[in-house]
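*Asks:* Starting from the structure of chain A, add chain B where the hints point.
Each chain, written out:
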Amino acid sequence: DAGVIQSPRHEVTEMGQEVTLRCKPISGHNSLFWYRQTMMRGLELLIYFNNNVPIDDSGMPEDRFSAKMPNASFSTLKIQPSEPRDSAVYFCASSCLGQINCSYNEQFFGPGTRLTVL
Amino acid sequence: SQQGEEDPQALSIQEGENATMNCSYKTSINNLQWYRQNSGRGLVHLILIRSNEREKHSGRLRVTLDTSKKSSSLLITASRAADTASYFCATDSPYTYDKVIFGPGTSLSVIP
Chain A
1 DAGVIQSPRH
11 EVTEMGQEVT
21 LRCKPISGHN
31 SLFWYRQTMM
41 RGLELLIYFN
51 NNVPIDDSGM
61 PEDRFSAKMP
71 NASFSTLKIQ
81 PSEPRDSAVY
91 FCASSCLGQI
101 NCSYNEQFFG
111 PGTRLTVL
Chain B
1 SQQGEEDPQA
11 LSIQEGENAT
21 MNCSYKTSIN
31 NLQWYRQNSG
41 RGLVHLILIR
51 SNEREKHSGR
61 LRVTLDTSKK
71 SSSLLITASR
81 AADTASYFCA
91 TDSPYTYDKV
101 IFGPGTSLSV
111 IP
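Sequences listed follow chains A and B, in order. All residue numbers for the first sequence refer to the numbering used here, where the first residue is 1 and numbers rise by one. All residue numbers for the second sequence refer to the numbering used here, where the first residue is 1 and numbers rise by one.
This is chain A alone, in the form it adopts within the complex (with noise of 0.2 Å):
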């Protein structure tokens, strides 16, 4: 398997423009989390989705960030308008708690995307 998939690694825009950040999870996994890394505020958890359907979304942090899973293989992360304070990497993580042989929620992470806002 691949493991968990991200585009683009790295994005540069400027203040105002809209960023889609994208995710293939791991084939048969059905969790599916977006987290953002800063220095400041380290590792937090925006979204989680299982079986495609959000789950909890108490960690995304203004209206302008929205995240979709229309299947099972595929993920987005919207930021509408952007700020340079959005500025982080984002990642995103598969579990297969639930499914069959998965019998923990150990967290396969992609290599991230690092977004830059000007």
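Don't read these hints as lab results, they were simulated from the structure. Yeah, the Cβ is synthetic: ideal placement off N, Cα and C, and Gly gets one too.
Every beta carbon over 12 Å from chain B, so not counted as near; a handful from chain A, in silico:
(1) E14
(2) M60
(3) P61
(4) R64
(5) A67
(6) A72
(7) F74
(8) T76
(9) P81
(10) E83
(11) P84
(12) I100
(13) T116
(14) V117
Within a straight-line C-alpha distance of at most 25 Å, the following computed BS3-like cross-link-like pairs (lysine-lysine) qualify:
(15) A/K68 - B/K99
(16) B/K99 - A/K78
(17) A/K78 - A/K24
*Replies:* Leaving out everything else, chain B in the frame of chain A:
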């Protein structure tokens, strides 16, 4: 509120020495995990210890769990330069079975 807190925030040791990192948490857990993050990369799972276990080994890693003190420690023996990374503990939420909460991490530097 944050579930896990690692200590120390940063640790610098010589190659060959042992490195110990601690994690404290606040509420009951089902299991506790440790992850490693190399610079510029995503987190990688290292080891999991269940709440009914007290100690677990994996290669040069030794994890202990004291549920009465709500704390865990990660010991890396005979450290190598390649162990330089940030280490995070993650505890599962008492409310949902698949969500975990990560601590702020310990930054480990192993000097060759």
